[in-house]
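There are 2 protein chains.
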Amino acid sequence: MANLRNTIPEKTIERLSEYRRTLLSCHKQGITHIFSHVLAGIHGITAVQVRRDLMLIGFSSDTKKGYDVKVLIEFINNILDSEAAMNIGVIGMGHLGQAITKYFNSKGLKLRITAAFDIDPAKVGSTIDDIPCYHMDNFEDVVSNKDISIVILSSPTKVVSQLVIPIINAGIKGVLNFTSAPFNVPQGIVVENYDITTILEKVAYFVKENEENNNN
Amino acid sequence: MANLRNTIPEKTIERLSEYRRTLLSCHKQGITHIFSHVLAGIHGITAVQVRRDLMLIGFSSDTKKGYDVKVLIEFINNILDSEAAMNIGVIGMGHLGQAITKYFNSKGLKLRITAAFDIDPAKVGSTIDDIPCYHMDNFEDVVSNKDISIVILSSPTKVVSQLVIPIINAGIKGVLNFTSAPFNVPQGIVVENYDITTILEKVAYFVKENEENNNN
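From first to last, the protein sequence lines stand for chains A and B. If you're matching positions, the first sequence starts at 0 in numbering that gives the first Met the number 0 and goes up one per residue. If you're matching positions, the second sequence starts at 0 in numbering that gives the first Met the number 0 and goes up one per residue.
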């Protein structure tokens, strides 16, 4: 099974997460079945892509009525979720860190932010939406006590290099990096660099290209 | 030139944006030259990838001393940036919208957030870091008066479908969508769906996979 799962491409994993949010919303509205082309239309992709993704995870369905929404949600849950809830820490409680914490807390996900970290005396010891903020000096202890496996980096970019050693020493297994500094760690730690500036510059680039092509 | 540029893949555009931030930071520190393998190491990729990206944009360099940092920054500027600054509007001034606005304002980019939009009477008419917040009813007028070409969506997910028509009517050319709802618009508008939940669920999935593989 581990080997089968390992063959699922990153982009499929992203889409499964997206399908699931759509399916959960359908389920809430009392929709029991959905056709692949409807699911595809909502996500701006082709029905072939949806069917290919679901084939990759071994899901087959009664095509007369479309996919059973509830069954498909359960199926995706089994692929994406751990049996135990995964605990997440946020490093850096500036505007972005606070926004991310409040955003996730309101989502009812299986992934839960359970601790925040900062070095600012005004923030350490306070709580943000019931999440306690600890000093980075206690990072390793808190990670161990709270069984945290993933951290979100929303610290100032310039301190990122100082965070590498504490993150490795604490045994963190996944890093979602929102800063502008690339985060390089040894193999075995999952890192996703997710810099907002990069994506905005990309959108701006393709807007410019479209304009230039229209002017030609 | 337009045709040459159109052949640049999305991932290369993302990396060019990332290289530029590293190069700007080098320049600030007085570093005048950088080797491809050093730039590659910072970004956790291979030197071959860096050289391939720069070849794609037609940049060649004196390899004895490495790339000239200042020249390469200028070269990337010419590829990525518009001649005029691009103006950006943010729709939805909740925690995430405010965090994004404050984050970008402090970056000194050529892309500038010049207007915010909301429907909450407590926010409309206020300013956030000197950015005025307008009512969505005035969206089209403000976009036209302020020459806004890109919007960032940080509204509640459930209102996204109501934003499609105003965004098309106002002539917006690019959308960076932070909500959990896919944003589908006609061709000709650049859309980047950038849902934080998806990325976090992806990191969690690969963390789980690593653990399962280690236990086998």
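Incorrect hints may appear among the rest.
Treat identical chains as interchangeable: a pair holds within one or across any two.
[Stated by the list, open to error] Taking lysine to any residue and the SDA-like style, the derived pairs with C-alpha atoms no more than 20 angstroms apart in a straight line are: (1) K109 / T196; (2) K106 / H134; (3) K69 / H94; (4) K106 / R14; (5) K10 / Y193; (6) K101 / V158; (7) K10 / K122; (8) K157 / D67; (9) K157 / S105; (10) K109 / D194; (11) K63 / N183; (12) K27 / T6; (13) K10 / T197; (14) K106 / A84; (15) K64 / Y133; (16) K157 / V37; (17) K101 / K122; (18) K64 / T31; (19) K101 / Y193; (20) K27 / S160; (21) K101 / I127; (22) K27 / Q186; (23) K109 / E208; (24) K157 / D140.
Keep in mind the hints are simulated off the structure, nothing from the lab.
Verification of the supplied hints:
1. K109 / T196: between (28 angstroms within a copy, 11 angstroms between copies)
2. K106 / H134: For K106 and H134, neither the intra-copy (26 angstroms) nor the inter-copy (26 angstroms) Cα distance is at most 20 angstroms.
3. K69 / H94: This pair counts as neither: shortest intra-copy Cα distance 37 angstroms, inter-copy 32 angstroms.
4. K106 / R14: So K106 and R14 pass the 20 angstroms test inside one copy only (18 angstroms; across, 31 angstroms).
5. K10 / Y193: Both ways: K10 and Y193 sit 15 angstroms apart in one copy and 13 angstroms across, limit 20 angstroms.
6. K101 / V158: Only across copies: K101 and V158 sit 19 angstroms apart there, 23 angstroms inside one copy, limit 20 angstroms.
7. K10 / K122: Classified as neither: same-chain Cα gap 37 angstroms, cross-chain 37 angstroms, threshold 20 angstroms.
8. K157 / D67: neither (49 angstroms within a copy, 23 angstroms between copies)
9. K157 / S105: between (30 angstroms within a copy, 14 angstroms between copies)
10. K109 / D194: between (24 angstroms within a copy, 16 angstroms between copies)
11. K63 / N183: Answer is neither: 49 angstroms inside a copy and 27 angstroms across each miss the 20 angstroms cutoff.
12. K27 / T6: Answer is neither; intra-copy 32 angstroms and inter-copy 43 angstroms both fail.
13. K10 / T197: Classified as both; 19 angstroms inside a copy, 10 angstroms across copies.
14. K106 / A84: within (14 angstroms within a copy, 36 angstroms between copies)
15. K64 / Y133: neither (51 angstroms within a copy, 45 angstroms between copies)
16. K157 / V37: between (45 angstroms within a copy, 18 angstroms between copies)
17. K101 / K122: both (15 angstroms within a copy, 18 angstroms between copies)
18. K64 / T31: Result: close within a single copy only, 9 angstroms intra versus 64 angstroms inter.
19. K101 / Y193: both (18 angstroms within a copy, 17 angstroms between copies)
20. K27 / S160: between (44 angstroms within a copy, 17 angstroms between copies)
21. K101 / I127: Both: 8 angstroms inside a chain and 19 angstroms across chains, each within 20 angstroms.
22. K27 / Q186: For K27 and Q186, neither the intra-copy (40 angstroms) nor the inter-copy (31 angstroms) Cα distance is at most 20 angstroms.
23. K109 / E208: between (40 angstroms within a copy, 16 angstroms between copies)
24. K157 / D140: neither (24 angstroms within a copy, 39 angstroms between copies)
In summary, the structure is inconsistent with hints 2, 3, 7, 8, 11, 12, 15, 22 and 24 from the numbered list given earlier, while agreeing with the others.
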